[in-house]
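There are 2 protein chains.
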Amino acid sequence: MTTSTTTKKIYFFGNNQADGKASIEMRNLIGGKGANLAEMTNMGIPVPAGFTISTEECTNYYNNGKQISNELLNDINDNLKKVESSMGQKFGDPDNPLLFSVRSGARVSMPGMMDTVLNLGLNDVVVEGLAKKSGKRFAWDSYRRFIQMFCNVVLGVEHNRFESILDDIKKEKNITNDTNLTTDDLKELVARYKSFLKDRNVTFPQEPAKQLEKAIEAVFGSWNADRAIKYRELNNIPGSWGTAVNVQAMVFGNMGLTSGTGVAFTRNPSTGENVFYGEYLMNAQGEDVVAGIRTPHPIQDLEKEMPEIYSELVEIYLKLEKHFHEMQDLEFTIQDKKLYILQTRNGKRTAPAAIKIAVDMVNEGLISKEDAILKISASQLDQLLHPMIDPKAELDVIAKGLPASPGAAVGKAVFTADDAEEWKKKGEKVILIREETSPEDIGGMAAAEGILTERGGMTSHAAVVARGMGKCCVAGCSALKINEHKKTLTIGDTVFQEGDDITLNGSTGEVIKGKADLIQAELSGDFEILMDWVDKIRNIKIRTNADTPLDSEVARKFGAEGIGLCRTEHMFFEGDRIQAVREMILANSLDGRKKALAKILPMQKSDFTGIFTAMEGLPVTIRLLDPPLHEFLPHDENAIKDIAKELNVSVSELKQKIESLKEFNPMLGHRGCRLGITYPEIYEMQAQAIIEAACELTKQGKNILPEIMIPLVGEVKELGLLKDKINIIAQNIIKEYDCQLNFVIGTMIEIPRAALLADEIAAQADFFSFGTNDLTQMTFGLSRDDSGSFLQEYVQKEILDNDPFQVLDQKGVGKLIKLGVEQGRKVKPDLKIGICGEHGGEPSSIDFCIKAGFNYVSCSPYRIPIARLAAAQTALTQNNNN
Amino acid sequence: MTTSTTTKKIYFFGNNQADGKASIEMRNLIGGKGANLAEMTNMGIPVPAGFTISTEECTNYYNNGKQISNELLNDINDNLKKVESSMGQKFGDPDNPLLFSVRSGARVSMPGMMDTVLNLGLNDVVVEGLAKKSGKRFAWDSYRRFIQMFCNVVLGVEHNRFESILDDIKKEKNITNDTNLTTDDLKELVARYKSFLKDRNVTFPQEPAKQLEKAIEAVFGSWNADRAIKYRELNNIPGSWGTAVNVQAMVFGNMGLTSGTGVAFTRNPSTGENVFYGEYLMNAQGEDVVAGIRTPHPIQDLEKEMPEIYSELVEIYLKLEKHFHEMQDLEFTIQDKKLYILQTRNGKRTAPAAIKIAVDMVNEGLISKEDAILKISASQLDQLLHPMIDPKAELDVIAKGLPASPGAAVGKAVFTADDAEEWKKKGEKVILIREETSPEDIGGMAAAEGILTERGGMTSHAAVVARGMGKCCVAGCSALKINEHKKTLTIGDTVFQEGDDITLNGSTGEVIKGKADLIQAELSGDFEILMDWVDKIRNIKIRTNADTPLDSEVARKFGAEGIGLCRTEHMFFEGDRIQAVREMILANSLDGRKKALAKILPMQKSDFTGIFTAMEGLPVTIRLLDPPLHEFLPHDENAIKDIAKELNVSVSELKQKIESLKEFNPMLGHRGCRLGITYPEIYEMQAQAIIEAACELTKQGKNILPEIMIPLVGEVKELGLLKDKINIIAQNIIKEYDCQLNFVIGTMIEIPRAALLADEIAAQADFFSFGTNDLTQMTFGLSRDDSGSFLQEYVQKEILDNDPFQVLDQKGVGKLIKLGVEQGRKVKPDLKIGICGEHGGEPSSIDFCIKAGFNYVSCSPYRIPIARLAAAQTALTQNNNN
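Chains A and Y are the protein sequences, given in the same order. When you line the first sequence up against this note's numbering, it's residues 1 to 882, in that order. When you line the second sequence up against this note's numbering, it's residues 1 to 882, in that order.
Simulated from the structure, these hints should not be mistaken for laboratory data. Careful: at least some of the hints might be erroneous.
Since copy identity is lost for identical chains, a pair holds within one copy or between any two.
Unchecked claim - Straight-line alpha carbon distances no greater than 30 Å define the calculated DSSO-like cross-link-like pairs of lysine-lysine that follow:
hint, residue 1, residue 2
1, LYS481, LYS641
2, LYS337, LYS187
3, LYS818, LYS717
4, LYS513, LYS392
5, LYS66, LYS735
6, LYS557, LYS832
7, LYS725, LYS230
8, LYS645, LYS481
Make a model of the complete structure from these sequences and hints.
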């Protein structure tokens with residue numbers, strides 16, 4: 001017994017009337033392609049008749065043990081008859097044959113999921129009828145193409161086996177071009193195909209009905225093919241959606257010189273320019289245009305060749321764009337001087353094109369500003385802001401890691417941070433290759449064009465720092481075998497020595513052998529216009545995570561409205577100060593520590609002076625020291641020896657200190673405000689540096705707004721104690737400078753306990769900044785540096801929808817955040833709340849933050865435009881929902 | 001301006017009437033000592049008159065910048081007059097001098113917080129008056145004692161400086177005994193004391209009022225002395241409580257042979273026997289009894305010496321015990337044939353005595369069973385269950401660590417788990433000394449008498465495993481310097497070689513040089529009686545954490561009602577199976593892993609057979625594999641070499657595997673059900689072993705109740721996926737065996753996200769077991785293995801009240817637990833809920849679990865009686881509150 005439902009299974013289209021349309025509900029049911037075919041039919045556009053089997057039937061097919069139900073077969077038959085009547089042809093009738101194309105069609109386009117099957121319905125008998133009606137050569141060419149396609153796509157025979165049989169005949173006949181094959185050659189080819197299939201024990205079905213059933217099964221089956229699953233993973237498409245199947249009457253562009261076929265965009269998809277853009281071939285099928293064997297002509301040439309058809313096509317494209325309010329990507333076929341539109345869909349476009357099209361359409365009165373904003377994919381903006389690999393370049397991709405920081409980079413392989421700095425000094429561009437980076441590597445990372453690591457996820461040290469620097473990074477590339485000692489990188493059989501050229505694509509995670517050509521993307525005037533609109537609509541502030549004056553300037557250019565996270569530890573590594581930091585750590589007394597801190601004070605102060613100046617008039621949130629002290633000490637034998645010498649301590653003493661600071665789980669260890677509690681002098685020095693820098697600038701008439709942020713608070717008393725200490729220091733300095741300085745002291749909410757007890761903490765905090773990196777780690781019990789080994793499998797198995805370090809887990813972590821906001825605001829209704837985790841630059845997470853009532857999000861400088869756009873998009877959908 | 005309040009500052013007692021009494025509110029206000037003095041006064045017991053300054057005044061003193069307010073000085077003066085009138089003497093009047101004792105008195109007794117100041121009110125003039133009235137020698141002896149005591153306690157002069165001046169005079173006079181000093185000697189002594197003080201520039205105040213004010217300040221000041229803070233930390237007493245000050249008229253036991261002094265318990269505090277127990281000295285002050293210079297007489301001798309006084313004393317002690325319903329510890333003084341009671345308080349007693357007294361008092365009709373249960377400190381029961389160091393033994397304590405697992409152990413020092421096993425085989429008792437233990441050390445830990453570690457806290461691996469084994473452990477003893485290679489332990493100047501005797505006191509954390517005498521505590525019949533009462537009252541089940549049949553049997557004897565946590569990973573280490581486990585880990589294919597798991601299967605099955613048999617009729621919760629695989633691989637060079645050989649792989653291959661499994665934060669890494677997801681074959685093997693063992697025993701007619709527990713679930717889909725797999729396996733086996741088996745599948749709630757989304761998880765879970773160790777780590781963002789370096793400082797600075805790994809953090813972690821319970825029961829109202837973290841054996845945490853609606857707590861076998869008692873205590877107080 002098969003499951004039977006009363007829901008409509010199949011949606012017919014033809015005769016200017018369709019069961020479906022292009023509504024959202026209908027798209028979900030019959031897929032994007034089917035919905036658009038229905039819509040076009042209803043619009044009176046010439047579309048060959050056909051029908052769409054709904055996505056629900058795909059699910060039923062799987063639930064039914066991969067069997068097409070009898071009910072569905074019956075419905076197919078009914079609809080087939082309607083198509084026959086609409087087209088005036090008959091499926092399987094040699095005298096007047098109706099042929100079909102069969103294609104998949106999911107809710108969203110999934111290119112490469114399944115090839116199309118064309119010419120379905122041909123067999124040994126029908127081919128003869130077609131030959132009579134439409135010419136012999138055409139008929140036999142169609143037949144051999146159909147066998148080839150059907151056997152490949154539906155029966156799984158390798159494509160190249162057919163190609164080699166074809167090549168044999170071409171060689172025998174001394175022919176180089178397929179079009180020169182005679183009818184007899186094609187008949188011979190069909191015979192050879194059949195004999196090959198017989199040898200392979202593959203049955204090619206002669207009955208058209210069987211062909212159709214098998215093709216529909218193949219489309220359903222393709223939904224769970226490896227490449228489709230992979231694509232869904234990469235694009236966050238649930239497996240439960242299923243695919244629809246479009247069965248459409250064939251029309252032929254290869255029926256002679258009055259026939260043709262082509263693809264076109266209603267605007268230029270690379271630049272966005274408002275010109276009809278596309279190409280066509282006469283006497284050809286669609287695959288010929290794509291295959292590139294013959295060079296297609298630009299669409300404009302069609303005006304001369306078939307002026308009436310061209311003007312009909314122009315009329316249609318303008319109608320379609322006006323109807324869908326979107327740039328369209330359409331396929332057409334001319335069969336014996338009659339134009340058919342086979343497909344239309346929203347056209348894919350580059351980021352610059354997306355922006356130009358959106359702005360142009362507003363200017364043309366086609367869409368509103370709000371529509372324009374909603375049409376641009378926030379994450380696509382990333383492309384705009386980084387160099388890219390030239391799309392035309394041929395690449396030798398040898399491994400794939402995580403796309404940890406977008407953009408592309410070319411350089412010579414180096415294996416240590418020191419080497420990176422040295423090579424850079426010699427004027428070389430380098431790629432820093434590390435098992436995983438640590439804060440010690442900062443200098444080398446800054447010197448490198450890009451960073452490649454073997455371990456660590458999307459929020460590993462390498463990834464976070466690289467994004468902050470706007471530098472390309474491929475992380476967690478487990479195929480790498482790095483020998484730091486020998487300075488070699490082995491990937492499969494390829495061995496890179498130090499100095500060998502290597503290219504990274506941080507937007508895709510690809511590692512490429514050799515030097516690829518890069519192109520620099522530029523920000524257009526349209527971008528500025530769009531960002532202007534965006535800023536008027538959004539209702540949340542966008543700040544940046546920036547640790548240096550340079551970062552701050554870049555961020556401000558990108559539209560940052562303050563700094564949401566300035567990590568002071570990065571400053572501890574710069575230049576000579578790391579030595580003073582190490583002296584402090586090694587000091588065995590308070591006095592010793594204070595002496596070392598006194599050396600660091602002026603340097604920190606000058607950092608803050610620079611950052612405050614760059615951000616004048618905007619708030620600057622400075623996080624006091626966060627990482628465990630262990631991170632500041634060297635770890636390899638040679639570095640230990642060097643540093644012991646520098647610091648004038650014995651190697652064994654240094655090693656003992658390193659050992660004593662080693663932690664089993666440093667993430668959960670002696671860091672953050674716990675350092676401030678046990679070594680108050682460190683935070684005191686930092687507070688002094690911040691307030692002194694702020695006071696000096698204030699005295700110069702600048703408007704400085706420091707926000708001191710205490711990290712890793714889990715208990716309100718930690719915050720209270722540190723806040724009191726800082727306040728005393730600050731008030732003394734302000735009195736000394738005799739100036740008016742408004743500063744606030746707040747805390748990160750990054751420990752679950754802090755979110756749970758946010759009411760208590762709010763009483764002591766001037767602001768909350770949700771540190772969603774750590775909060776995600778702790779709420780999930782998941783180390784971001786270690787989760788790479790199994791997190792991908794979790795997403796594959798659909799246990800998790802996303803990597804929670806990339807996309808905020810709204811259900812779990814989000815629940816805790818909402819609780820924290822609610823508790824905090826209960827005590828302090830106007831509590832300022834922001835986010836400074838990596839999620840602050842991710843569109844769906846920004847949407848969450850806005851809805852949770854945040855005052856700002858903070859993200860790395862290069863993601864600010866994305867955040868601005870995403871914020872506006874949320875504001876718009878919120879308004880629509882209200 | 002000082003703060004002024006209208007609250008009563010001082011509570012007078014005297015003339016059989018007192019302002020205070022022994023209510024709970026009053027105890028909080030005037031301390032235990034003051035409350036009992038008031039109560040005795042009201043009872044008509046002869047108590048020298050006096051007054052108590054309230055604890056609130058201590059707080060005011062600190063708030064007032066460590067100044068006694070004028071209002072308080074006035075009140076002191078008023079009360080002083082009342083004492084004068086009651087005693088018929090006058091403070092500072094040489095003709096009829098009134099002298100005072102001044103003592104601290106907090107809400108709870110804090111021995112060693114502050115020494116008493118006696119004889120206050122003496123000066124160069126008053127001493128002469130006292131001499132006339134009560135004898136010269138007595139007067140001058142009192143005076144020199146007062147100077148000594150006042151200068152030491154109030155002015156901070158070292159005690160031994162006075163002792164050496166006294167010694168000088170004794171030498172000069174050729175006297176060995178203080179009592180042989182003449183009046184002139186004593187006058188000379190006073191003179192020398194004064195000259196010494198003058199040299200030291202210390203002013204000894206002559207005005208009695210000044211003396212009193214200074215002494216009161218000293219008591220207030222002593223509240224925040226280092227040793228008091230230390231004591232409060234160890235005993236969880238908040239610093240905000242403050243201390244009261246008792247100022248009481250002096251009476252003298254050293255006014256000749258009709259005077260005397262003594263201390264007594266109303267029952268024997270060591271055994272609990274119902275006999276009057278104490279000792280006294282004639283012609284002596286209290287300090288003489290304690291100091292041990294003269295040997296006191298047993299209290300019974302007083303019957304002969306002063307029969308009337310004795311019978312008055314007996315009458316009083318009986319009256320006091322009857323009044324307080326508690327064994328009393330009292331101090332008395334006989335001044336010239338008149339008996340005074342100076343103090344009474346509940347007497348400290350050993351655990352066996354506590355039980356005997358409670359049971360006896362019930363039998364005597366003095367208290368109810370409920371009272372008896374409430375009177376026994378649950379945590380004190382620990383003493384009963386472990387060997388103790390003989391209290392009479394002289395100990396050379398050389399270091400102190402955390403009291404990680406109670407009891408005491410003596411043995412020879414060994415430094416590796418293998419050595420422990422080898423020495424044990426040779427018949428030696430050993431103490432295993434490690435930097436920190438790891439699961440590899442299990443065998444050695446089992447072989448050792450006790451375990452001593454340098455690192456790790458109360459819930460470190462060493463501590464948890466030792467408690468489970470009922471084995472003594474001192475953990476986190478940072479004074480240790482261990483050289484595993486040379487097999488030496490250095491503590492300060494002491495160096496232990498392998499084989500040197502060492503003693504551990506796991507109840508105090510003391511490390512003792514050499515061999516201390518141990519005594520075995522035994523469970524008395526009274527213990528059984530008490531436990532019977534307890535079980536009838538408590539309303540929560542007590543289960544045990546047990547991993548072996550032996551542990552299970554021990555636990556059942558202690559009253560376990562099932563197993564709440566059986567950790568399967570410990571079984572992975574035993575005997576030869578670790579090799580199979582390693583084979584599994586090193587296998588690069590599913591087949592290879594399955595082959596290795598097939599070897600482990602029969603061993604796991606036999607473990608479960610043993611445990612199920614020991615726990616027949618009771619539920620057994622088995623947790624599937626939890627730790628990261630890394631823990632099963634060797635870490636030191638030699639072991640790696642050996643094991644590579646054993647497993648027939650290259651050293652480099654093994655090292656590479658170890659390296660690839662290394663994690664930055666293993667706590668948050670690839671462990672728990674994440675292993676079950678990525679290597680389903682491991683959990684499948686475990687499920688098979690559990691269900692097969694259960695089915696075989698069921699077929700034999702035994703009642704087996706397996707509960708399979710999935711660890712580290714953070715997302716319901718993890719649980720759903722694994723549960724489905726296990727159910728299929730289980731149903732197949734049950735069908736095969738053709739038997740009826742009731743098994744359930746539940747989950748640990750140990751990740752914050754699981755608690756937050758407990759509603760979703762409850763839909764898939766038959767039970768919840770809160771893993772509060774990990775839940776505490778993640779909710780606090782605190783690694784239990786690393787927190788040792790700062791957690792003590794947190795408790796010292798009162799940022800946290802307790803180590804949250806010892807005492808459940810009810811405010812933060814508890815909030816999450818309550819949320820989890822609420823969400824879970826909303827979906828499944830009869831959801832079984834338990835706790836299997838270390839907190840399951842801690843009384844205040846058990847109290848929390850009962851109130852949160854848990855069905856059971858689970859703890860290590862040796863803590864079961866404690867849990868049973870604590871559960872009954874909560875049930876009783878709950879009833880009282882209802």
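Intra- versus inter-copy proximity for LYS832 and LYS557 (alpha-carbon distance at most 30 Å): within (24 Å within a copy, 58 Å between copies)
Status of LYS735 relative to LYS66 across identical chains (alpha carbons, at most 30 Å): The answer is between: 28 Å across copies meets 30 Å, while 79 Å in one copy does not.
Within, between, both or neither, where LYS513 and LYS392 count as close if Cα-Cα is 30 Å or less: For LYS513 and LYS392, the Cα distance is within 30 Å only inside one copy (16 Å; across copies 78 Å).
30 Å Cα threshold - placement of LYS717 relative to LYS818: Result: close both inside a copy and across copies, 23 Å intra and 23 Å inter.
Intra/inter-copy verdict for LYS337 and LYS187 if alpha-carbon distance must be at most 30 Å: Within one copy only: 28 Å inside a chain, 137 Å across chains, cut-off 30 Å.
Intra/inter-copy verdict for LYS481 and LYS641 if alpha-carbon distance must be at most 30 Å: both (27 Å within a copy, 23 Å between copies)
Intra- versus inter-copy proximity for LYS481 and LYS645 (alpha-carbon distance at most 30 Å): Close across copies (25 Å), not inside one copy (32 Å); limit 30 Å.
Intra- versus inter-subunit Cα pairing at 30 Å for LYS725 with LYS230: Result: close only across copies, 24 Å inter versus 54 Å intra.
Checked against the numbered hints listed earlier, the structure breaks none of them; every hint is satisfied.
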